[in-house]
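Here is what each chain is made of, one letter per residue.
2 protein chains.
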Amino acid sequence: MKKTTPKSRSVTVSDVAREAKVSKATAARALGGYGTVSEKAHEDVMAAAKALDYRPNELARSMTTGKSGIIGVVVGDIENPFFSLAVRGISDAARAAGFNVILANSGEQIEAEKAAVRLLIGKRVDGLIVTPSESRDVTHLRDIHRSGRPLALLDRALPDLDVDTVTVDDRDVAIRATRILVNAGHRHIAYVTAVDAEGHELRDLSQIYTSSVRERIEGFLAVCHDAGITDPKRHVRLGATSPEETRRIATGLLSTPDRPTAILASDSLIGLELFKVIQALGLSVPGDISLITFHDADWTSVTSPPITVVDQPVYALGKSVAELLIRRLKGETRPPERLILPTSIIERGSVGPPPEEVTGGSRTKPSSD
Amino acid sequence: MKKTTPKSRSVTVSDVAREAKVSKATAARALGGYGTVSEKAHEDVMAAAKALDYRPNELARSMTTGKSGIIGVVVGDIENPFFSLAVRGISDAARAAGFNVILANSGEQIEAEKAAVRLLIGKRVDGLIVTPSESRDVTHLRDIHRSGRPLALLDRALPDLDVDTVTVDDRDVAIRATRILVNAGHRHIAYVTAVDAEGHELRDLSQIYTSSVRERIEGFLAVCHDAGITDPKRHVRLGATSPEETRRIATGLLSTPDRPTAILASDSLIGLELFKVIQALGLSVPGDISLITFHDADWTSVTSPPITVVDQPVYALGKSVAELLIRRLKGETRPPERLILPTSIIERGSVGPPPEEVTGGSRTKPSSD
Chain A
1 MKKTTPKSRS
11 VTVSDVAREA
21 KVSKATAARA
31 LGGYGTVSEK
41 AHEDVMAAAK
51 ALDYRPNELA
61 RSMTTGKSGI
71 IGVVVGDIEN
81 PFFSLAVRGI
91 SDAARAAGFN
101 VILANSGEQI
111 EAEKAAVRLL
121 IGKRVDGLIV
131 TPSESRDVTH
141 LRDIHRSGRP
151 LALLDRALPD
161 LDVDTVTVDD
171 RDVAIRATRI
181 LVNAGHRHIA
191 YVTAVDAEGH
201 ELRDLSQIYT
211 SSVRERIEGF
221 LAVCHDAGIT
231 DPKRHVRLGA
241 TSPEETRRIA
251 TGLLSTPDRP
261 TAILASDSLI
271 GLELFKVIQA
281 LGLSVPGDIS
291 LITFHDADWT
301 SVTSPPITVV
311 DQPVYALGKS
321 VAELLIRRLK
331 GETRPPERLI
341 LPTSIIERGS
351 VGPPPEEVTG
361 GSRTKPSSD
Chain B
1 MKKTTPKSRS
11 VTVSDVAREA
21 KVSKATAARA
31 LGGYGTVSEK
41 AHEDVMAAAK
51 ALDYRPNELA
61 RSMTTGKSGI
71 IGVVVGDIEN
81 PFFSLAVRGI
91 SDAARAAGFN
101 VILANSGEQI
111 EAEKAAVRLL
121 IGKRVDGLIV
131 TPSESRDVTH
141 LRDIHRSGRP
151 LALLDRALPD
161 LDVDTVTVDD
171 RDVAIRATRI
181 LVNAGHRHIA
191 YVTAVDAEGH
201 ELRDLSQIYT
211 SSVRERIEGF
221 LAVCHDAGIT
231 DPKRHVRLGA
241 TSPEETRRIA
251 TGLLSTPDRP
261 TAILASDSLI
271 GLELFKVIQA
281 LGLSVPGDIS
291 LITFHDADWT
301 SVTSPPITVV
311 DQPVYALGKS
321 VAELLIRRLK
331 GETRPPERLI
341 LPTSIIERGS
351 VGPPPEEVTG
361 GSRTKPSSD
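Heads up: the protein sequence lines correspond to chains A and B, in order.
For what it's worth, full-length UniProt numbering labels the leading residue of the first sequence as 1, then goes sequentially.
For what it's worth, full-length UniProt numbering labels the leading residue of the second sequence as 1, then goes sequentially.
Treat the hints with care, as some may be off.
When chains are identical, the list treats them as one kind, so a pair holds in a single copy or across two.
[Claimed, not checked] Below 27 Å or equal to it, Euclidean Cα-Cα: the simulated DSSO-like pairs (lysine-lysine) are:
| # | residue 1 | residue 2 |
| --- | --- | --- |
| 1 | Lys330 | Lys233 |
| 2 | Lys21 | Lys114 |
| 3 | Lys330 | Lys24 |
| 4 | Lys40 | Lys24 |
| 5 | Lys50 | Lys330 |
By construction, these hints were calculated from the structure, which means they are not laboratory data.
Can you make the complete structure from the sequences, with help from the hints?
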C-alpha cells in the first residue's frame, strides 16, 4: 500500500487519555484490549478514541507504510513433518530479521488455500509464503502478486506466476532414486504419490497439477524408459492422500502375484504406511520388496532395516524462501528468483536385488522373515 | 471490546468510489490490496478513504463487535507431532463452527510465548488457545482473561488461572506406565523429560513449572516409592529439550555399569533418541533395557520390537479445548471448565523382565543383539 500524507499529526494514546480523563495506562489497556479496565473507563476511552479518530499504532503503521512486521505462511499440511520442519526454517529466518510468523493450513485443498490466503491478507501480513496446492487455479495468488504485496512460493513452482520460488531438484533426485533401484536389478518398480485424483491410475501427466509431484513422476518414468521397462506409467499410483488410502493402494499393489519388487514413496507418510503393509503381509524389506521414501523422517532410521531416503533440504528450503521474501520486504527490487536446492540420497538398508525369479515371469512365493 | 455507538452511518466502499471518481470494483481492489489498480486510481482511492475516514469492514466489525471469526493458537513446538495433531483437532472443531485458525509458535520459551500472544491479540483474534510454557509467569495470560477475551489452556493447567482448560490425566497415566515396569520386575527405572533446567538432576519438584511435567514425575515417584525404591528422584533426568541434549543424557545414563534396566520417556522425541542411543550402544530392547514412551508417534509401531506407548488422546484434546472456547465465543456464560481426558497405554514389545543380575549389584555385561 502506498504512503499517504496524513492531514495532521497522529492521535496518540495520551491524546485519548486526556480526552477520556483517564490515565495513559488505563487508556492503553482499554485500547489494547488487555488488563483490567472498569466498564465506565472503557466506554469513555472508546468514545474518546472514536471522537479523535484514534488509530492504534499497529494499524496506523500498517495503513501508511504497509508494514506489520508479520509474515503469513500457508502450508499444505502442518501434520506432515516435511512442512513442520520447513516452518521452523521460515521461523528462524523471520526471527533473525525481526519478523513474526503466523500460520494457516490449507490441507492441500484449493478452496481452503484461498480462504487461508484471504485470512492472512485480512490480517495485514507484510508478505506471504505459500505452498500452492495446485497450478490450475492461481488467481488468488496472482491477485496478491499484482497488488504489490510480496509473495514467495515454497516447494512448488507455478509456471504462470513469476515470483520468488524455492524448490528442490525434484525431477533430478527422482531420477537418482529410481536409478538406485534399476541398478539393483529391479524392472518392476512402483511409484506411490499423494495427489488428489479420480482413481489411482495415471492416465496422463497433464492430470497432475502440483509441480513437485509431476516432476518426480517425470524423473521416475524417464529412468524406467531408459531401463527398457514397458509402459512404466501403469506402475504409478496416485491418490495416497491419507493413511487409509495409502493402505488400500499398498494392499492392492502387494497382494497380487505380479507385485512390484521395488517401491518409491513420494513422502514419508506414504513410506510409513507402505512399510507397515509390507510387514503385515509377511513380506521382508529388502528381501521381497526394496523401498525408498522421500523425506528423512524420524521413523526411517529406526526400522530394521533402516530405510534408504531422499533427504530433501527441508529446513534450508524454509529458510531460503523466508530470506528471499524478507529481502523484498526490506525494499530490495529485483527480478523474481527461482532457487532450486540440491537433494541428497541417504543409502541405508532397504534396497537389495529383486527376489530370485523363476523363468516364465512368475515369481517365487514371498518368504516371511 | 464493547459496542460503541457510531456517530454516523459507516462509510462504504461505494462512498469511497464516488469520492475518488472510480468504479466500485476499482475502489474495492485498491482498498483490499488485491488485483490490478493503476497508480493514479490507487492514490485517489487512498486519499478518498482518508478524507471520508473509511474503515474496512473487517476492522469496523472487529472494532464494534469484537468478532473477527478467528481463533489464535499458541503452541509449544509445532515440530513436535503431539502439537501438530492437537492443532488438527482444534482446526477441525473451528472449521465445523465457522471459525478460522491462525497459529504461532512459542518454542517453549516464555518470552516467545508472550510475543506470540501479543501478536495474535494484535491481530484481533476472537479468542486464544495457549499451551503455557510455564506456570511462574502468567501475567500476560491473566491480562487477557481479565480483559474478557476468551482464553483456554491446552494440555497444561495453571493453578492460578481459572479458565477453560483441557488436560490429560498425566499423573494417573504415569502411575500406570511406571507400574507396568515395576510389575515386570524393574527396580532401577529412569524417567527422562523435556523441561528447561539447570543441570539434569531433579532437586525438588517445586523447580518444575510445567504442570504436565510435574504431575507425571509425581506419578512416577509415587509408584517407585511404593515399590520400595530408595530415593527414586535421583533417576529423574531433566533438560531433554533437544535431540542433542537427549543423546547426552541417554549416553550418560546408559554408559555406566549401574545403568537403569528400564526407562520411561516423557515424549516421543525423547523416546526416539533414547531408542537410537540404546541401539548405538549395542544394547537390546527389552533384553537389556525396557522402554515406554509417551505419545503413539509414527516410529513407535515400526521398530523391532515395537514400543509400548502412553497413547494420549491428542486429537480429542485439541478438539475439546476448541469446542469449549467456541461455546464461550458464541456467548455461553458459565464457570470455567477443567476437563481431564483419560489416557490409555498400548502394550507392544518393549517391556520385559530386567536382565539377569549377578549377586552384589553388578550386572552381566551388555549383550549385543
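Right, here's what the structure says about each hint:
Proximity of Lys330 and Lys233 under a CA criterion of 27 Å is satisfied in neither setting, with 46 Å inside one chain copy and 52 Å between copies. With identical chains, the CA atoms of Lys21 and Lys114 are never at most 27 Å apart, being 45 Å at best within one copy and 30 Å at best between copies. Within a single copy, Lys330 and Lys24 get their C-alpha atoms no closer than 33 Å, and across copies no closer than 32 Å, so neither meets the 27 Å cut-off. Within a single copy, Lys40 and Lys24 get their C-alpha atoms as close as 15 Å, which meets the 27 Å cut-off; across copies the closest is 40 Å, which misses it.
Taking the shortest Cα distances, Lys50 and Lys330 sit within 27 Å of each other only across copies (26 Å), while inside one copy they are farther apart (33 Å).
The structure is inconsistent with the numbered hints 1, 2 and 3, although it conforms to all the rest.
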